[in-house]
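Novice: So the chains spell out like this:
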Amino acid sequence: MRADLEIIQEWIPKNSRVLDLGCGHGDLLAYLQKNKAVKGYGLEIDPDNINHCLQQGINVIQQNLNQGLANFATQSFDVVVMTQAIQAVHYPDKLLQEMLRVGKTCIITFPNFGHWRCRLYLSIKGRMPVSKFMPYTWYNTPNIHFCTFKDFEALTKQLDAKVLQRLAVDSQHHNSSLARLWPNLMSEIGIYQLTSNH
Amino acid sequence: MTISFPKDSVGLVIPQTMAFNEPLMLVCGKELAAGYQITYETYGILNPECNNAILICHALSGNHHAAGYHSYEDRKPGWWDNYIGPNKPIDTNRFFVVSLNNLGGCNGSTGPTSINPKTGKVYGASFPIVTVEDWVHSQARLADSLGIKQWAAVIGGSLGGMQAIQWAITYPDRLRHCIAIASAPKLSAQNIAFNEVARQAIVSDPDFFDGNFTEHNTVPKHGLGLARMVGHITYLSDDAMGQKFGRDLKNEKLNYDIYNVEFQVESYLRYQGEEFSGRFDANTYLLMTKALDYFDPASKHQGDLAKTLSEVTANFYLISFTTDWRFSPARSKEIVDALIAADKNVSYIEVDAPQGHDAFLIKIPRYQEALTTYLQRIAI
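Residue numbers (the working numbering), protein chains in the order written: chain A, 1 to 198; chain B, 1001 to 1380.
There may be inaccurate statements among the hints.
To be verified - In silico lysine-lysine, BS3-like type, Cα no more than 25 Å apart, as pairs:
1. A:K104 with A:K162
2. A:K39 with B:K1307
3. B:K1333 with A:K94
4. A:K104 with B:K1333
5. A:K104 with A:K94
6. B:K1307 with A:K104
7. B:K1333 with A:K39
8. B:K1333 with B:K1300
9. A:K14 with A:K39
Stated by the list, open to error - Counterexamples of contact, computed for chain B against chain A with all Cβ distances above 12 Å:
10. M1025
11. T1113
12. I1169
13. F1209
14. R1279
15. P1354
Please keep in mind that the hints were generated in silico from the structure rather than gathered at the bench.
In this text the structure is predicted, and so the values were computed from the model without any measurement.
Positions of the beta carbon are idealized from the N, C-alpha and C atoms, including for glycine.
My request is simple: use the sequences and hints to build the entire structure.
Specialist: Laid out in structure tokens, this is it:
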């Protein structure tokens, strides 16, 4: 399983009801279903990914996250998860607000654009960073809303959400001492657990 | 020359008929007398555990002949031959497939064209109204007779999908998977309106004789053809019709003639209507459209679909098609949302297809793959 999913699964209690937004191949849900008796649904839009999910035997619903989560009742899931997808949606703020409404807690992971390599690339080359981790050029990327840790946390404040846990990790998903010291500079991925203050 | 069927065809099939000794109490309050019959076909082999059976429910004008050929001279295979056969999505190497003609039909099962044992005359208009629930009960009796306690899956498109959903509600323990394609939890007013136009076309045909046309040695062909034309328009998308016919003319120029065919699409519709009215029974068409109109399982729970589905145990799989405006993706999503609210297992895909409602019958790679993948995960 992907390293970030390995970390996330520890934050998800047994027997909980999980909604996974942009669930990809459905690895997280398949694992949770098997090992934690979790009841879950994955939302996905890519037909190939959906087919993988069907193979894994998980519940997958074809749904475009840009159309919101209006079809889900308020506080109807224990955990709403979204890994590496918030930067690819049209209105990250609206979707985050919806996640906080639907889920009792939310887990979100995203690439940190404040990482020193990004900063260096942009400042020296003067071009949008392209790396192994973010391999797209500006015109063909699915990622349209990059943010840094600071940006994300400012948004959580604005949405009146409480950060329950935060983990700043490198691309190997290691939580190094440098990343702990200067998360916005030294870590490549943020893993946040949030809840609504409402 | 040896005549052979395609390799992935179930080949030559022979319809079978089963008679039932118990009368069937119907939702409308009437009773179908003992001795009523159901005509069905089977493909594949029932395994010793009897856990590999799949029931295929047909749509409005369908019947038991879902796959294979009735003779070597048959030009066309069964209506869902694209999806049923060896190595096809509904793989007859793995599954034992049962398809039947619903009660009230006109293809072998007891219906308006059958003889009423009480009167010795053709039922005609006196055949009682049958509902989706009645069909499900009658299908359960057929399953009993075939030794099938639990279906691996009940699958249907359109009105067939409604039957699959009703199965999950009425007999939660008797199916493991419910696959409803291009379906809806109930008809919209627009859907009912189309059905009403179709029915009015039939009943206003001077040859209809209040449904007792057999006694008058007539057939309301004109009305039935019209009904089919209306239906046919709604089964296709604007794009599909546009691509197929555009504004192409039958002859080279316009004739400024109201009565004769000028556009290709007119010619096509007339042909479809004519062909259909020669093989389908008008009373059956009325009954089937009524069954569609009446279907509304949530009405028993004040319209609360999630509550209606609270007792189901089957895993649901719903498929819709982007250009289907008769049973649009939004209608399938109503069922999906209700199932999620009821905390049930459900998967849903929306297939990008230009063909409209009829897409559920057509070979579409994405749809084939999605159905194949899901059926492969069914344990037997």
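Novice: Decide, hint by hint, whether the structure agrees.
Specialist: Results of checking the hints against the structure:
no.	hint	in the structure
1	A:K104 with A:K162	12 Å, holds
2	A:K39 with B:K1307	19 Å, holds
3	B:K1333 with A:K94	22 Å, holds
4	A:K104 with B:K1333	24 Å, holds
5	A:K104 with A:K94	17 Å, holds
6	B:K1307 with A:K104	23 Å, holds
7	B:K1333 with A:K39	19 Å, holds
8	B:K1333 with B:K1300	20 Å, holds
9	A:K14 with A:K39	10 Å, holds
10	M1025	37 Å, holds
11	T1113	42 Å, holds
12	I1169	19 Å, holds
13	F1209	49 Å, holds
14	R1279	37 Å, holds
15	P1354	16 Å, holds
When held up to the earlier numbered hints, the structure conflicts with none and fits them all.
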